[in-house]
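**Q** Read top to bottom, the protein sequences are chains A and B.
The first sequence finishes on residue 81 if you use this note's numbering, and the numbering steps up by one all the way, no holes.
The second sequence finishes on residue 162 if you use this note's numbering, and the numbering steps up by one all the way, no holes.
Derived by calculation from the structure, the hints in this document are not laboratory data.
In silico lysine-lysine, BS3-like type, Cα no more than 30 Å apart, as pairs:
#1 A:K40 - A:K10
#2 B:K158 - A:K10
#3 B:K121 - A:K40
Where chain B lies over chain A, by a calculated footprint (3+ residues, C-beta under 8 Å):
#4 23-29
#5 34-45
To give an idea of the interface, some chain B residues facing chain A are shown, with a C-beta separation under 10 Å as derived from the structure:
#6 A84
#7 G113
#8 S142
#9 L147
In this text the structure is predicted, and so the values were computed from the model without any measurement.
Just so you know, even glycine gets a beta-carbon here, dropped at the ideal spot from N, CA and C.
What follows is each chain in one-letter form.
2 protein chains.
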Amino acid sequence: MKAIIFINYKEGILDPEGVTISKALDNMGINGINELSVGKCIEMNLDCSSKDEAKKIVEASCDKLLANPNTETYKYKIMEE
Amino acid sequence: MKAIIFINYKEGILDPEGVTISKALDNMGINGINELSVGKCIEMNLDCSSKDEAKKIVEASCDKLLANPNTETYKYKIMEE
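Using the sequences and the hints, build the whole thing.
**A** In structure tokens form, the structure reads like this:
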């Protein structure tokens with residue numbers, strides 16, 4: 001079983017890396033970008049037999065370690081291989 | 082037009098954040114994760130009319146700033162809104 005997790009800032013929370021990259025691209029002459037946000041993307045190979053079990057591992061990982069509950073949200077996809 | 086870019090380490094390049102997270106989860110009693118890798122995920126809102134134009138902006142951004150050509154690879158998706 002494989003899982004991909006996307007972790008982003010919540011709406012209204014400043015994304016300093018995104019702002020910096022946006023300005024840098026503009027200064028380099030790469031225009032046409034209105035909005036840019038940077039998040040983390042975590043891929044996991046899971047050793048379990050059911051999607052429910054995979055969901056439990058992914059949610060426990062995000063809730064207890066990967067995502068900051070104050071400032072970040074996460075979404076994920078689970079794929080059978 | 083909207084673009085999502087995924088940036089990951091090339092195969093064979095050590096992913097120190099991934100190794101650290103993997104060990105931490107195991108120590109916290111969250112087991113069943115065989116392999117874990119951490120990448121960046123960048124979302125862009127683009128001010129352009131065609132997919133070709135969007136592709137050019139995304140590839141220029143990755144090649145010139147976002148991805149390290151020595152250690153990282155990128156893939157992307159472009160969506161019309």
